[in-house]
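Visitor: Take a look at the letters that make up each chain.
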Amino acid sequence: MTERYDAIVIGAGHNGLVCAAVLAKAGKSVLVLEANANVGGAARTREFADGYSVSSCAHLLYQLQPDVIKDLGLKIDVAAKSIGTIALAADGKHVRYSGGSVDGVSNADRDNFAAFHRRMARFSDLLQTYVNRPPPRLAQGSSRDMATLARLGFDLRRLGKTEMRAFLRLIGMNIFDEVEERFESPLLRGALSLDAALGTHLGPRSPNTILTYLYRLCGSHGTLSAPAGGMGAVTERIAQAARDRGAVIRTGQPVRRVIVENGRAAGVETESGETFSSWTVVSNADPKATIMSLVGARHVETGFVRRVHNIRMRGNAAKLHLALDGLPAIEGLEKKDFGERLLIAPDPNYVERAFNPAKYGEYSQAPVLEMTFPTFRDGSLAPTGKHVLSAIVQYAPHDLKGGWTSEARETFRAAAIDTIAQYAPDLPSRITASELLTPEDIEKEFRITGGHWHHGELTLDQFMFVRPVVGAAQYRMPLDGLWLCGAGAHPGGGISGAAGRNAARMILDETAS
Amino acid sequence: MNTEFNQQPAPVAVEQRRLRSPFYSRLSALDRLNTWHEWKGYTSTDALYDADLEYFAIRNSTGVFDLTPMTKYRIRGADSLDYVDRLVTRDMRKIRAGRVAYAVWCNDQGQVIDDGTLFHLRDGEYRLCSQERHLAWLTAAALGLDVEITEETHEIAALAVQGPTSFSVMKNMGFAGIEELKPFGLAHFDFQGRELMVSRTGFTGDLGYELWIEKGAAEALWDALFEAGKLHGIRAIGTSALDLARIEAGFLTAGVDFLPADGTVRSGRSRSPFELGLDWLVDFKKPNFNGRRALAEEKRRGSTWRLVKLDIEGNKPAHHSYIYRQSRGRRKQVGFITSAAWSPVCKQNVALGTVSMPHGAPGEELLVEIYYQREMHWSRVMAKATVVEKPFWDPPRRRATPPGVY
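For the protein sequence lines, the chains are Z and G, in the order given.
According to the numbering used here, the first sequence is numbered sequentially starting from 1.
According to the numbering used here, the second sequence is numbered sequentially starting from 1.
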């Protein structure tokens, strides 16, 4: 006798958990099956060396949607709020920015940055409305789809003629051209270029990197905070919210396949052979893994399979974790500055050059980095007096030419550490342990195809109406009973919970009718 | 003449290199009209000596048509049954090894990409034969399945041997047990040490066979066949004769009676199987096949078009005519003719056409507007046309097993 649930969620990533919580809140019986021993998916706190813990992928919180927080009544403990950014300069003349204010640049840059931020914030507000609802269908849309479309048109128009034109012009543009035009400071330009390219297989000169920048601002206009206890604490809270509402979460239960009966999803089978029945199977896995592995191409139609197969999702961001016996010294930084976000992206061309090798399957010799010292404000993550450096290092292509051999990993790790050491010369001597997660490791550990955090590149051809693919943008997959609730669905990646919440609401709408 | 030479492109004025089929030496030796056209990269004959006589060979004795340019794919692998079953709309689980299925395949929108025949050569191995090339689609359909798709258009030579005496010709070829071969059956025979596949299929609506062999044995097969058919009126035929025969049989030609969905640009120009009168090929009992969701939706909502067979008064073929419906003295244009011919064997003016729903129900009377030219002057008639359900030409000999000896 197999257990039957109203809904089964595959994967306890943050979106899966949000989805489960919203469904459970509506009175559905929900089972969440997670392959790993802990919930959180890629948003987890892991011990990478004895006594040293770190957020496994994303290490800053800035996109968690207010709607999600409100719906689930989440209380997130933050170790630090309004974390600023410091773009490191070799000579110690760093550029600092937070919200719309910037220091260490000319007055002209300061004014321009304020105006730039104001505009970007306004545009991101417009986007955010649509981040938190299913994208409307263009062909054969329902009256609700038409209403959403009409509202999108109205919202665009309400920006005013000039700003509407600016929005439409900028959304497909690259960040490089925009920052080159606006700012004098190479450091500021470089930092913004990196912000736009973080976590993607895009360089500052790639099209629509303004869109990725805007996407980053959706939620809190880019205001960064660090969760106490690492990202795992956030997902643990969401999991608790789901449990409180009656959802059952089972960890260590990898799903082998979605059971398809008479052309519809009917449940899941775990690796251990256990089966669970439900007419609603919701996958938090990425669209490729969901369709090609869990469901199997044979159960869906060819055109859809081809589109899913062609989703671009080549991870290009690695994560470097260093256990340090103390904070390194960086010229021009005071001790308190180590609580900020530090960037190594001296100018836009440097960022683009770091991206160049990735186009050809090679890693950057001089990578760009986003670094935090999570232990600076959260002592729970390391032994007293010791520190952790958590860095996103780009670019490290998933399909590295010759593969991620131990030699390749060592040289890339050395390249990253050498790059940091140019700013913090004593860093290498302070390292007591280290861990490098390449996209290949991320793929293996978190079961994300291509190791791409966003479950698919965030580009205009994979955005809104066409995310994950044409004809499947509203979380419903073309197999009855199968839904997608992860970052591969609209709106995309980042610790936002929007995909999970939107999916749950679509599922509830359908079961109500 | 050696085969190597035949594979050379024929010299043509423009940079348009046409391939020669492995039967080119034999065809060109019989050719008196020198009317060749391009067919999927090959040079193919309209008619060799007289299109009418060639047509009567199909209906009265045996016509031999070179169908080598037809697109052919081999499908092999552990998942080949699952593959073909998901590819086409009909239930391929019912098509055992040694059987052939006429089938259509659709895209996800339920629009017909092409029609063709699937030969279940042996367990786990199929040949798909169609008018158009489809490697991209077939390869996409193989994603996630253990199946291998190989194009063998240029490797396999094929002949259609069609007509009432074709069974006698096959018997003279010494194919043991050929009398047991039912329509849509296939069998393998040894031909001079090579494997020859014979299927009881064709595009003429008559008793007939198709012969498939590796191209190296093509000429030998031709010679043996014509030797065996010497006393049975065997004749080589061209495309004109075949086209007339297929219209009489009510068979569709891709690119003529419907457009392959992946070749259309404007919306509404492609067709679903229902709109081609191929409802019988769509099996909703299958849990999944390409186009199933869209076709189920079309079934609920109703189709836009209907393919009709028309029996038209008079004797002027209704080429490219508009179809009208007359009601209460008002004429409304409801469709158009896609294929038309005067059928010598039926003594009927026949046509295939497309009309918008709900028009074109069997038995309905429509009008077709026929333009014709006599001594330079154009005339027009509005001819009555009746929608018929059955193929115009469908003789019992087509199905008789064992076939009659004529």
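Think of the hints as simulated: they come from the structure by calculation, not from any bench.
The structure presented is a predicted model; accordingly, all values stated were derived computationally and were not measured.
Hints should not be assumed to be uniformly reliable.
No farther apart than 25 Å at their CA atoms in a straight line, the calculated lysine to any residue pairs in the SDA-like style are these [unchecked claim]:
#1 G/Lys285 x Z/His221
#2 G/Lys285 x G/Arg266
#3 Z/Lys444 x Z/His309
#4 Z/Lys386 x Z/Phe48
#5 G/Lys285 x Z/Lys386
#6 G/Lys390 x G/Glu313
#7 G/Lys182 x G/Thr401
#8 G/Lys286 x G/Gly185
#9 G/Lys215 x G/Arg74
#10 G/Lys299 x Z/Ala139
#11 Z/Lys336 x Z/Ile259
#12 G/Lys299 x Z/Leu138
#13 G/Lys285 x Z/Phe48
#14 G/Lys286 x Z/Met292
#15 Z/Lys81 x Z/Ser101
#16 G/Lys285 x G/Thr401
#17 G/Lys286 x Z/Ser142
#18 Z/Lys444 x G/Leu145
#19 G/Lys286 x Z/Ser101
#20 Z/Lys93 x Z/Gln422
#21 G/Lys286 x Z/Asp480
#22 G/Lys347 x G/Arg398
#23 G/Lys286 x Z/Ala266
#24 G/Lys286 x Z/Pro478
#25 G/Lys299 x Z/Ser142
#26 Z/Lys444 x G/Asp146
#27 G/Lys332 x G/Thr401
#28 G/Lys347 x G/Pro317
#29 G/Lys285 x Z/Asp418
Visitor: G/Lys285 and Z/His221: Cα distance at most 25 Å?
Guide: violated, 53 Å
Visitor: Regarding the pair G/Lys285 and G/Arg266, is the alpha-carbon distance no greater than 25 Å?
Guide: Given that 25 Å is the threshold and the Cα spacing comes to 32 Å, the pair is violated.
Visitor: Hey, G/Lys286 versus Z/Ala266, does the alpha-carbon distance stay inside 25 Å?
Guide: holds, 17 Å
Visitor: Holds or violated: G/Lys286 and G/Gly185, Cα atoms, limit 25 Å.
Guide: Holds, because 23 Å separates the two Cα atoms, which is no more than 25 Å.
Visitor: So if I understand the rule, the pair passes when the alpha-carbon distance is 25 Å or less; does G/Lys286 with Z/Ser142 pass?
Guide: Since the Cα atoms of G/Lys286 and Z/Ser142 sit roughly 29 Å apart, the hinted pair is violated (cutoff 25 Å).
Visitor: Given the hint that Z/Lys336 pairs with Z/Ile259, does the C-alpha gap stay at or below 25 Å?
Guide: The hint is violated at about 54 Å.
Visitor: Assess, step by step, whether the Cα of G/Lys286 is no farther than 25 Å from the Cα of Z/Ser101, and give holds or violated.
Guide: violated, 62 Å
Visitor: G/Lys299 and Z/Ser142: Cα distance at most 25 Å?
Guide: holds, 20 Å
Visitor: Is it true that the CA of Z/Lys81 sits at most 25 Å from the CA of Z/Ser101?
Guide: holds, 16 Å
Visitor: G/Lys285 and G/Thr401 were given as a pair; does the straight-line alpha-carbon distance stay at or below 25 Å?
Guide: Measuring from Cα to Cα gives roughly 30 Å; hence the hint is violated.
Visitor: Does the alpha-carbon distance linking G/Lys215 and G/Arg74 stay inside the 25 Å limit?
Guide: Holds - the C-alpha atoms of G/Arg74 and G/Lys215 are around 15 Å apart, at most 25 Å.
Visitor: Please work out if G/Lys390 and G/Glu313 have their alpha carbons no farther apart than 25 Å.
Guide: holds, 17 Å
Checked against the numbered hints listed earlier, the structure breaks hints 1, 2, 5, 11, 13, 16, 17, 19, 27 and 29; every other hint is satisfied.
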